[in-house]
Amino acid sequence: MAGAEGHVEADNAEAIITRIEHKTRKIESLLKQYKPVEALKTALEGSPPMTRDERCKSANWIVVHRAIMAIKDVDGMLSSLDPEYYDILMKYLYRGLSTGDRPTCDQCLRIHEKLTVRAGLGCILRCLADTVNTERSTGSCAKKVGSF
Amino acid sequence: MASTLRLYLTCIRNTLEAAMCLQNFPCQEVERHNKPEIEMKTSPELLLNSVLICRNEAEKCLIETSINSLRISLKVKQADELENILTKKFLRFLSMRAEAFQVLRRKPVQGYDISFLITNYHCEEMQKHKLIDFIVQFMEDIDKEISELKMSVNTRGRLVATEFLKQFI
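First to last, the sequence lines map onto chains A and B.
Going letter by letter, the first sequence gives residues 1 to 148 in the numbering used here.
Going letter by letter, the second sequence gives residues 1 to 169 in the numbering used here.
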């Protein structure tokens, strides 16, 4: 099962990375036009689901991180974001919180509070319980949410 | 500074409220045994994703959940060597008396200063929101305690040195 998935992943990985590069350019231009909300929406839209490849996840994380750090008005951003992206955003917030970098953590904590008020505890629980999109190593190793 | 602390504690409180969904689950491997699955980590299907919440480079909180138990590990801010020693001694003092706290773990998880282990039995005997209040209050008080200890050590050192050196005047 791992072998077959490996072949499929290799083809998809290149395609996904190309898509992420396109997204990066689009997001840079949106940020230059002072539209951080659209930038974040674009970053979250193309999140590759069910990808095991670390490079795709890291590449996507870099893009989302850039968009998150550019957000100044959190309330406005959350009111214009579709509810379907709340779960994805929450997962990226936890990834941001696990980095330990002070400005990232400050921003992520700010957004986390407002997002919890909006989306509720269910959103957090879905992050904790998600096995499909998140890496889970078998055996006795700990599992990290930050691999989304 | 105070606002990041408030946000950090709010984040931890929300995450704990979501993660503290524990139920009784007898051990799958050994019959008639009931173990906290987060400590055994033998079956991946019983574990949830662990979450690391960092306030900055020095302070972080690791929350790991399983079906019948929850482990919270804290790393407390230590600005200098003296705080390092004080924190270690103080938290070791508390950990040794873990029986009195019930939810405290005798040894902190590797890389952290103190750990809590909450099982489904604790949730049955005690109220969930009070347990969470306890953890958050603990985090607030730890910082105050360490600062007080540091101040008292410095004051005592100063007094002792003054008295000792008076004989040389």
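Don't take every hint at face value.
[Unchecked claim] With a Cα cut of at most 27 Å, we get these calculated BS3-like pairs of lysine-lysine:
| hint | chain 1 | residue 1 | chain 2 | residue 2 |
| --- | --- | --- | --- | --- |
| 1 | A | Lys114 | B | Lys107 |
| 2 | A | Lys114 | B | Lys75 |
| 3 | B | Lys35 | B | Lys75 |
| 4 | B | Lys35 | A | Lys114 |
| 5 | B | Lys144 | B | Lys35 |
| 6 | A | Lys114 | B | Lys77 |
| 7 | B | Lys107 | B | Lys166 |
[As the list claims (entries may be wrong)] Quick list of simulated restraints, FRET-style, between CB atoms:
| hint | chain 1 | residue 1 | chain 2 | residue 2 | range |
| --- | --- | --- | --- | --- | --- |
| 8 | A | Lys72 | B | Val153 | 52 to 60 Å |
| 9 | B | Ala58 | A | Lys72 | 22 to 30 Å |
| 10 | B | Gln102 | A | Ser58 | 40 to 48 Å |
| 11 | B | Val160 | A | Gly122 | 55 to 63 Å |
| 12 | B | Lys130 | A | Arg19 | 44 to 52 Å |
| 13 | B | Glu83 | A | Ala129 | 32 to 40 Å |
| 14 | A | Arg126 | B | Gly157 | 32 to 40 Å |
Bear in mind the hints are in silico, worked out from the structure with no lab data behind them.
Even for Gly, the Cβ is constructed at its ideal location relative to N, Cα and C.
Results of checking the hints against the structure:
1. Proposed proximity of lysine 114 of chain A and lysine 107 of chain B is contradicted: the alpha carbons are some 35 Å apart, above 27 Å.
2. In summary, the hint linking lysine 114 of chain A to lysine 75 of chain B is supported, as the alpha carbons are separated by about 25 Å, within the 27 Å threshold.
3. Pair hint lysine 35 of chain B plus lysine 75 of chain B holds up; C-alpha atoms about 26 Å apart against a cutoff of 27 Å.
4. Distance check on the hinted pair: lysine 35 of chain B and lysine 114 of chain A sit about 37 Å apart at the alpha-carbon level, beyond 27 Å; violated.
5. In summary, the hint linking lysine 144 of chain B to lysine 35 of chain B is not supported, as the alpha carbons are separated by about 35 Å, beyond the 27 Å threshold.
6. Using a Cα cut-off of 27 Å, the hinted pair lysine 114 of chain A and lysine 77 of chain B holds, with the two alpha carbons roughly 26 Å apart.
7. For the hint pairing lysine 107 of chain B with lysine 166 of chain B, the CA-to-CA distance comes to about 45 Å; that exceeds 27 Å, so the pair is violated.
8. Range check, lysine 72 of chain A to valine 153 of chain B: about 43 Å between beta-carbon atoms, so the 52 to 60 Å window is missed.
9. Between alanine 58 of chain B and lysine 72 of chain A the beta carbons are some 27 Å apart, a value that agrees with the proposed interval 22 to 30 Å.
10. Checking the proposed 40 to 48 Å range against glutamine 102 of chain B and serine 58 of chain A shows it holds: the Cβ atoms sit about 41 Å from each other.
11. The beta-carbon spacing between valine 160 of chain B and glycine 122 of chain A, approximately 57 Å, falls within the hinted interval of 55 to 63 Å.
12. At roughly 48 Å, the beta carbons of lysine 130 of chain B and arginine 19 of chain A sit within the given window of 44 to 52 Å.
13. Hint check: glutamate 83 of chain B to alanine 129 of chain A, Cβ distance near 38 Å, so the stated range 32 to 40 Å holds.
14. Distance hint check for arginine 126 of chain A and glycine 157 of chain B: the Cβ-Cβ separation is about 52 Å, which falls outside the suggested range of 32 to 40 Å.
Hints 1, 4, 5, 7, 8, 14, counting from the list given before, are not met by this structure.
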